Structure formats: structure tokens, C-alpha cells
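Protein chains in written order, with the working numbering: chain A, 1 to 479; chain G, 1 to 123.
It should be emphasised that the hints constitute simulated quantities derived from the structure, not laboratory data.
Capping the alpha-carbon separation at 30 Å, the derived lysine-lysine pairs in DSBU-like fashion look like this:
1. A/K379 <-> A/K347
2. A/K289 <-> G/K109
3. A/K445 <-> A/K379
4. A/K445 <-> G/K43
Computed, partial: chain A to chain G, Cβ under 10 Å:
5. I285
6. R286
7. A437
From a predicted model like this one, the values you see are computed outputs, not experimental measurements. C-beta atoms are modelled at their ideal positions from N, C-alpha and C, and glycine is treated no differently.
Chain by chain, the residues run as shown.
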Amino acid sequence: MTAPADDPSHDEAARLLDENEQLKTELESVLDENARLIEDRDRLLRRVAALARELQSSNSLQITRPGDRTGEHADAIPAATKLSESEEELRVALEELQVLTEELEVANTGLQRANEELEERVRARTRELNGINADLRRSELRMSTLVEGIPQLVWRSGDRGDWTWCSRQWSDYTSQTMDEARHLGWLGAFHPEDRAVALDAWDNAESHGGLSFEARVLDAAHGRYRYFQTRAMPVRTPEGVVLEWLGTCTDVDDILRLRHQQNVLVDELQHRTRNLMAVVHAVTIRTIKGSRTLEDFRRCIDDRMSALSRAQSLLSRRGSQRIAFDTLLRAELSAHVDLDSGDSRSKISLSGPEGIPLQTSLVQTFALALHELATNAVKYGALSAPSGVLSVEWQLVHTAEGTECLHVDWHESGVDIPEPDAAPRGGGYGRELIERALPYQLGAKTSYGFTSDGVRCTIEMEVPVDDIRLETDYARTPA
Amino acid sequence: MPEHRLEGRRILVVEDEYLIADDLRDALVDAGAEVLGPVSNVKDAAAMIASEVQIDCALLDINLNGAMVFDVADTLVAREIPFVFGTGYDQWAIPDRFAQVPRLEKPIKGRQLTSVLAPIIVV
Chain A
1 MTAPADDPSH DEAARLLDEN EQLKTELESV LDENARLIED RDRLLRRVAA
51 LARELQSSNS LQITRPGDRT GEHADAIPAA TKLSESEEEL RVALEELQVL
101 TEELEVANTG LQRANEELEE RVRARTRELN GINADLRRSE LRMSTLVEGI
151 PQLVWRSGDR GDWTWCSRQW SDYTSQTMDE ARHLGWLGAF HPEDRAVALD
201 AWDNAESHGG LSFEARVLDA AHGRYRYFQT RAMPVRTPEG VVLEWLGTCT
251 DVDDILRLRH QQNVLVDELQ HRTRNLMAVV HAVTIRTIKG SRTLEDFRRC
301 IDDRMSALSR AQSLLSRRGS QRIAFDTLLR AELSAHVDLD SGDSRSKISL
351 SGPEGIPLQT SLVQTFALAL HELATNAVKY GALSAPSGVL SVEWQLVHTA
401 EGTECLHVDW HESGVDIPEP DAAPRGGGYG RELIERALPY QLGAKTSYGF
451 TSDGVRCTIE MEVPVDDIRL ETDYARTPA
Chain G
1 MPEHRLEGRR ILVVEDEYLI ADDLRDALVD AGAEVLGPVS NVKDAAAMIA
51 SEVQIDCALL DINLNGAMVF DVADTLVARE IPFVFGTGYD QWAIPDRFAQ
101 VPRLEKPIKG RQLTSVLAPI IVV
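Next comes chain G alone, as it looks inside the complex:
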């Protein structure tokens, strides 16, 4: 049974691969969250961050069809929205300023997602 630890949380998902994004959405919905997106590129992510008043946290894929997601991450930092990186990359690909940002290695499992996201959400 899902633990529903993300009940009512609004979570932005940025992931360029549809199949993975869909999988993540399913897992988050199962955990009780409301998914914003998923969006597949930097432009759509920026637009969503600008238009949504409440975003509790975000899950960011690093490489979006060749474009790096770090601008999106900076915007989230500015808005004090916590986020995690979902990555297929080695650690060194991530700039130093995000050294403290939690990382989830792909493939991301639903249970893992909940246990990493739940504690970082500011209540």
C-alpha cells in the first residue's frame, strides 16, 4: 500500500523522456501528491515556475534533450523551493553550487522518491 506521505503536495516534475516522466507521475500520484507538469524542457519549466503560486518541491532531470537544467534550479533556489536532481550522471557533472542538493539515481523507484522528497518539503 502507498504510504501517502506526499498527500496534497504540489510537486513539479521536469523530465524530457515521456516514458520516465509518466512513470514518475504515476509514482507521485500513488504517494498522494499533485503533479505539476511533467514538463520536458527548460522553457516550459520556467513558464510553470513563473505561473504556479504554490510549488512544494521539484524533481529535476539534469540533461533535457541536450540542455542543462541548472537555470531552472537557480530559479527554484531564488524562490526557496526545495528540489532534487534525478540523474544518470556522475556527481562531477553537477556545479558546486548545488553540492548540497539531494540526488536520485535513475531509475528512480516510487518508494525512494517519497522518502527523499518528503523530508525536504518545508512544512
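Pulled out of the complex, with its shape left as it was, chain A reads as follows:
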């Protein structure tokens, strides 16, 4: 903002005012001179009038006494002398008057010229002033267009938040009228918990050379508060005296929310990376314990790391969506068999709705468990036997408590089952993950056992209900 003292149009106006003052003084002196001349003339006129009256009375005396002429002859001469004296005086006075009148005429002509000149100068100045006023009006229009066009809420204030004016945006946003916002009325549009912050900032504004704070302002149209960055700068005279404060409130709610989201994501990334390292460590240790030879270990760890990689890649691709059970299942089975081949179609039956979401924290463990089940099926189970069939059925079940559960039934048939006493084939890691890991992490109910001709495994877990899951998930998730 520009202080008025720096405004060029302000300088110009001051110059014009000076000039007007000067013209006024000139005009006054001419008028004084004129008045003096008029006064002189009036005085002379009075004198002429007095002389004329005197002369007239002398004449009438002579006329009204014609019979006395012989008897009073001696007196006639002095009277005549007196008359000629008066006439002489009148003549002089008239001459003086003549001179004065001429002088007055000259003065009047001068006055008229001065007047004309003045009028011309006034017209010129008026034109100039009109031009400046038009400039000012244009500048004002630009300023008000700017003030009303910017997204910021703009206001003016005296010391300590004593508002004097607010822009239309403030009123539009908070539904406060200008009268309501004036003085400390604006405080009512701030969140009650943030008002102390605002007042505190005002207390320190002058010593800090500016006002700056973040606080929530009421978005009246939506009935909620949003974070605004409030700033103001003092408008000072050249001497440094604060005339007023010009301030803005800028909506920073989105920025703050994004910053927060970013922090959450960085946290989450930290957490996941560390956890993943720990999981890799745990799986490696476990694989070492379950391996008889280095070759055993190499093959097994390779498969398990691949399963973890697939889970990670699903997790990183999902964006804000949850991973669906059928997506995870198909990803794990596809790593072992070609689901689209004719052989697979006759041996593998998958049936259930698409898009049932999984708890994100469970995806990794679940992926490993499905990987172990699939590995065992390929090595020893339904996918190894010519007559074997793998059937996976799943459904969404509404519980009595009003929650939703995913039920999975992994059922192999047509398989020769080993003796019940025999050690579990494949080290039993899959079984452990199903029986212990899934219940441990999310309270899933699971079972793992053998029917007469194959493995039978059931999993029942709660489906997450939160904002990540959208109604459209079911339709959108690819098969």
C-alpha cells in the first residue's frame, strides 16, 4: 500500500491549492485598490454635490430679490465675487472628478482584465483539477476493483484491531455487515479458541512493525471454520506516526491441510520402510530355520521376497484406495499359474464379489499367507495332482453387530492326503500365518485343516469401514 504522502496526485493537488491561494491574494489586492478609488470618487461626488447646492442657493438669492437692486447695489458686488469663487471651486472639483473618473475607468479596465485573466486561470485550473479528479477516480476504481477482485478479505483498522472498514469479501464470507465488523466486531467471526491469539497479535503489532497470525475464520455459507493467515501493515505519515492499518485475511486452509497430509505421509513412509525391513528380517530368519540346504533357502526366500514385492507394489499403486481381496488373491495365484490357461480354468474355480476392501496393515501378511497356500497347492496339493481342484469362494457377510465381514473358503479336493502324523509339508509356514498371524493382527477367525482329499482353510475378517472406502470401489476395482 502507498501512503498518501507518496502519492503524486496528492503533490499536484497541493500545488494547485497553493496557486489558488496566490490568485486569491492577487484578486484581493486589486479589489482593495478598486475600493479605494471608488471611495475617493464617492468623496469627490459628495463634495461636488455640496458645491452645487451652495451655488444654487446663491443664485436663487439673486433671483428672488430683483426690486432691491438700486438700494442694495453696494452689496451686489461682494455677492457676485462670492458666486464666482464657488463656481471656480466647483470647476476645480469637477476637473478633479473628471481626473478621478478617468483613473477609475483605467482601474476598472485593469480590474476587468485581471478578472478575465483570473477567470481564464480558474478555468485552466478547473480543467486541470477535473483531469486529476478523473485520474483519482480511475485510480480509485482500479483500487476498488482490485480490493473486491482479490480472494483476500481486506480491511482497515485503527490501533489494536479497531476496524473502520471491511471489503465486500469479508461480509460475503462471514456474513458480517460492515457495522457488525467495525471496532472489535470482526472478532466474532473468528473461532472462539483463536480470539485470544488474534488479540495478542494486535497487542504486539506496533512493536513488531506489522500484524501476522493464523486463525480460523467462519465460512458462514458452509457453517464451518477455515484457517486464514491474517496480516496487516501500518500506514505511516512521513514522520512515522501510524495513521491506520491495512490488513488482509488469506485462506490457507488447503495449504495447511496439505502440509499436514504431507507430514502424515512422510510418517507413514518412515513407518512402512522400517516395518518392511523388519518383516524382511523376520521372514529371512524364519526361512533360514526352515531350510535344510542353501539351495532350499535360495528358492524359498526368492519366492517369499517376490510375494512381499507384489504386496508392496499393490500397496504403492493403490493411491488412496484400499486393496481388494480378489485383487490380492489373483496376484498371488498368477505368480504360480496362468489363470487364463485352459488347464487352470478346469482346475481352479474362483467365485465371489469384486472389490471387497482389506485392512491395509494386513495386506503384507495376507499376501504371504496366500503365497504359502498357493505354493503348497502347486507343490503338494490340488495344483500338483491331475485330478485336483482348487476352489476359492468368498463373500461379504453382514453381521448381527452391523459390521461387514469377508468370508473366504479355500478348498482343495482330489488330493492324496499324507498321514495325519507326518510333518507338515512346506514347513507349515502357510498354516502358521493363517492360524496365528491373521488372528493376531486383526482378530480374524481362521481355520486350517484337511478333509479327506485336500486342504480346507477358512478366513473370516472384518471389512474396514472408513473414508478410504468409497461406494464406487466395488465397481472400479479391476478383476
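Starting from the structure of chain A, add chain G where the hints point.
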């Protein structure tokens, strides 16, 4: 050879990821300790602390499936049971009141676990 420096110690493990919890349990058992839990959530941890008379120390994961473990930590402080945080987090995620609590960065190795836990156990 394991050093058995935690022989007979009863150690509570709170960790939401089964694979990690299992790994930690193995490492502690190898060091001679008796593992309480592992438990995967705040509720189970609170129940275990309430029911166990003797807990020598605890190992706490910070983020338990989205819930922070700090309430559990406060309960342990109240019972004067020493504990350490196992964390994948930066230091700032931990409240100031736990500034003095030792931290183990994941992945936690067995030897590291023993050397951090053994000295804090009140004999």
C-alpha cells in the same frame, strides 16, 4: 551362542505386525527371557499389564495399526516398569515426556535388543 543376559526376565512385547512380533519373541527367548504376549493392540496391552504381577520391562512398537502406544507407556511409567520404544519413526513423533526413553530403530537385531534391555531392568 546366545548370552542369556535376560535369563528369567519377564518381558512384555507390544507389536502389531505378527512377523516382527514373532521375530522379537524368538530373539528374546534365545536370550533366556520369558515373553509376555506378544500383543498387537493397546487394549490387549492394557489388559496384560493389569493382570501380570511381574513385568521386568517392555518393548513397545509406537504405531499399533494406526493407534499410538503412548497410553500404554504412561501406564508402565505409573507402575515404574522400564521400557523401550521400537520405532520406524523419526524422533519428533515421540512426546517430550518420553524423551529419556531408549529407542531401538527397526529392524531390531537380537543382540541389540539384549544390550539395550538388560541395563534398564531394575534388579
